[in-house]
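Student: In case you want the letters, here they are:
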Amino acid sequence: MARAMWRGAIQFGLVTIPVKLYLATESTSIGFNLLHASCLNRIQMKVYCPFHDEVISRSDTVRGYEWSKGKYVVVSDEDIENVPLKTVRAIEIEAFVPAGREETGAQFVKSAYYLEPDEIGRKAFYLLKSVLAEANKTAICKIVLKDREQLAALNPYSKTMLLTTLHWPDEIRSLEELNLPEQEVEIKASERKMAEQLIASMDTDFNPAEHHDEYRQALMGVIEAKVAGEVPEPMQKVQPTKIGDLMAALEASVAAAREARRSAPTEPKQPAKPKAARAAKARKAVRSTKAQPAEAKPARRRKTA
Amino acid sequence: MPAEQLPLPVGAAAEVGRLRLPSRIVPMEVSARDAPFDDPDYLFEPWWPGVRAIVMVERGRLQLQVSGLSDALAAFPELVELPAQLVEDGVVLDGTLLVLDDAGRPDAELLRRRLEGGGRRGRPAYVASDLLWAGGEPVTRRSFRIRRRWLEAVLEPGDRVTVGRAYVADGTLVAEALATLGIDGLSARQLTARHRSGPAGLAWFKAPIVPAEPRPRPTLALILRLPLGE
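Protein sequence lines, in the order shown, are assigned to chains A and B. Per the numbering used here, the first sequence starts with residue 1, numbered consecutively. Per the numbering used here, the second sequence starts with residue 1001, numbered consecutively.
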């Protein structure tokens, strides 16, 4: 496996478990470079100071923190090194909470890391893992990564544990600004039924191998075609037409309408207008003619020669 | 032998110099009805929001007859693979040509642009409703009940072309379902009727559907946004 990106120890009460951290994921997105359109050379980003009206070197810059509009305090590397933190080189477990994503804040994840215990820590590592799994708990911990103290969750995963960095509560935006009138929406029984049927028809176990980044594949196809000097094909082949989806939607809504009639029987009326007919047809609701046209109902047998 | 059990007319005309398909089909013209109805003698399906199209396949070659278009296949080149879905040659289908948007919904604007010869946007699809010729022979004298069953035997469902779902007897129920999908018409074909060119009489009705309150589109959008299984 690749090089460890962090070494330290899980701190948990008086127990110390030395571990290494490995990135659990990698980015496969396609990177671009910016070129000058007229000559196709790589452009350079220069650091420019408007006060001196000159391009300066990056080493002539310092970090500033804007503590008030237009007012900065300089924060040096030394200041940063002197930050008093316990969590440097440690994964400090703060609490154990019920596992599961519904825990407040645990939904907002950043990155995932694999842990690898050092030899002397193996026993404690796997003990912690098995207890977490049995009790169905998540360990909430803090770790300093990339100069920042991060909140993280520690969970059993396959043969190891997965450390997932989380956003701090103050990094999570409020929902208040969005227009979310959940209470005002009325959902009819038939609509709920239809949605339930659609979901049931797609109910399956999550198999990540079935899901692909189709945009990336298509983009790579365009790039490779350009490299080979071909004109890229129009994008329309990426997603096939699925007339079957439309038929399935029809079938689901007919099933839902049938179900709605069955569950809301009213006295039969003459079907004059579809609105009146909606509630009226309880007596016919038990038919099962789904998707079997012609042969399902030989209502009037007749020889056609 | 009861008509329902008649085998497909495979090959009878195939070996001998078969009948040539007519160069043009005079389609059946739908009758109007003012509301959806229930009748066990009728097969109900959506009035798909597209254009009527007659598909003719002879010796594996596809011709597309769309009223007002001299070269319909040029506007819908994606359909050229249709003959591969037919288990027979010498076939004429009656159905509806749709253009679907990226979410799989029929899109009238994309269809209009195709018909006007502008661009290749959207995904054309064809929903077959009736079978007029099979195995190089006309089947128009058979009852719709039989034509429909043969249609399902002749045309294998594919991603672009399929036999439309249809339901016997429960016209008002199908209309309710279509109202929630935002489809505003119901097609009703009489199972005992033979196919006739020109006015359909009782053989085929179109009835308008009053949209479900408040507006139909969101439900359709909801359903179609869920990626349905194959």
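Check the hints yourself; a few may be wrong.
Stated by the list, open to error - Partial chain B-side listing against chain A, Cβ under 10 Å, derived:
id, residue
1, L1100
2, G1158
3, A1175
4, L1178
5, P1199
Stated by the list, open to error - The calculated lysine to any residue pairs, modelled on SDA-like cross-linking and capped at a C-alpha distance of 20 Å, are:
id, chain 1, residue 1, chain 2, residue 2
6, A, K159, A, K188
7, A, K110, A, I140
8, A, K123, B, P1211
9, A, K159, A, E81
10, A, K188, B, K1206
11, A, K193, B, G1182
12, B, K1206, B, G1185
13, A, K188, B, S1067
14, A, K142, A, V83
15, A, K142, A, E81
16, A, K146, A, Y22
17, B, K1206, B, S1067
To be verified - A few chain B residues that don't get close to chain A, going by computed Cβ distances all over 10 Å:
id, residue
18, V1080
19, D1089
20, E1156
21, R1160
22, V1174
Hints listed in this document are in silico derivations from the structure and should not be mistaken for laboratory results. Where is the CB? At the ideal position from N, CA and C, for every residue including glycine.
Student: For a C-alpha distance cap of 20 Å, please report whether B/K1206 and B/S1067 respect it.
Tutor: This hinted pair holds, its Cα atoms lying about 18 Å apart.
Student: Can you confirm whether the C-alpha distance between A/K193 and B/G1182 stays at or below 20 Å?
Tutor: Within the cut-off at roughly 18 Å; holds.
Student: B/D1089 clear of chain A by more than 10 Å, beta carbon to beta carbon?
Tutor: Non-interface label stands for B/D1089: nearest chain A Cβ at 23 Å, farther than 10 Å.
Student: At a threshold of 10 Å, is the proposed contact between B/G1158 and chain A supported by beta-carbon distances?
Tutor: Given a least distance of 8 Å, the restraint on B/G1158 holds.
Student: Taking the shortest Cβ-to-Cβ distance between B/R1160 and chain A, state whether it exceeds 10 Å.
Tutor: At about 5 Å from chain A, B/R1160 fails to clear the 10 Å cut-off, so the statement is violated.
Student: A/K142 and A/V83 were given as a pair; does the straight-line alpha-carbon distance stay at or below 20 Å?
Tutor: holds, 15 Å
Student: Taking the closest pair, is the beta carbon of B/V1080 still more than 10 Å from chain A?
Tutor: holds, 14 Å
Student: Is the Cα-Cα distance between A/K188 and B/K1206 20 Å or less?
Tutor: Roughly 28 Å between the alpha carbons, so the hint for A/K188 and B/K1206 is violated.
Student: Checking one constraint from the list: CA of A/K188 to CA of B/S1067, max 20 Å. Satisfied?
Tutor: violated, 41 Å
Student: So, B/A1175 near chain A? Judge it on the closest CB pair being under 10 Å.
Tutor: holds, 5 Å
Student: With the threshold set at 20 Å, check whether the alpha-carbon distance from B/K1206 to B/G1185 stays at or below it.
Tutor: holds, 7 Å
Student: Within 20 Å, alpha carbon to alpha carbon, are A/K159 and A/K188?
Tutor: Between A/K159 and A/K188 the Cα gap is close to 47 Å, so the pair fails against 20 Å, i.e. violated.
Hint check: violations occur at hints 5, 6, 8, 9, 10, 13, 21, 22; the rest are consistent with the structure.
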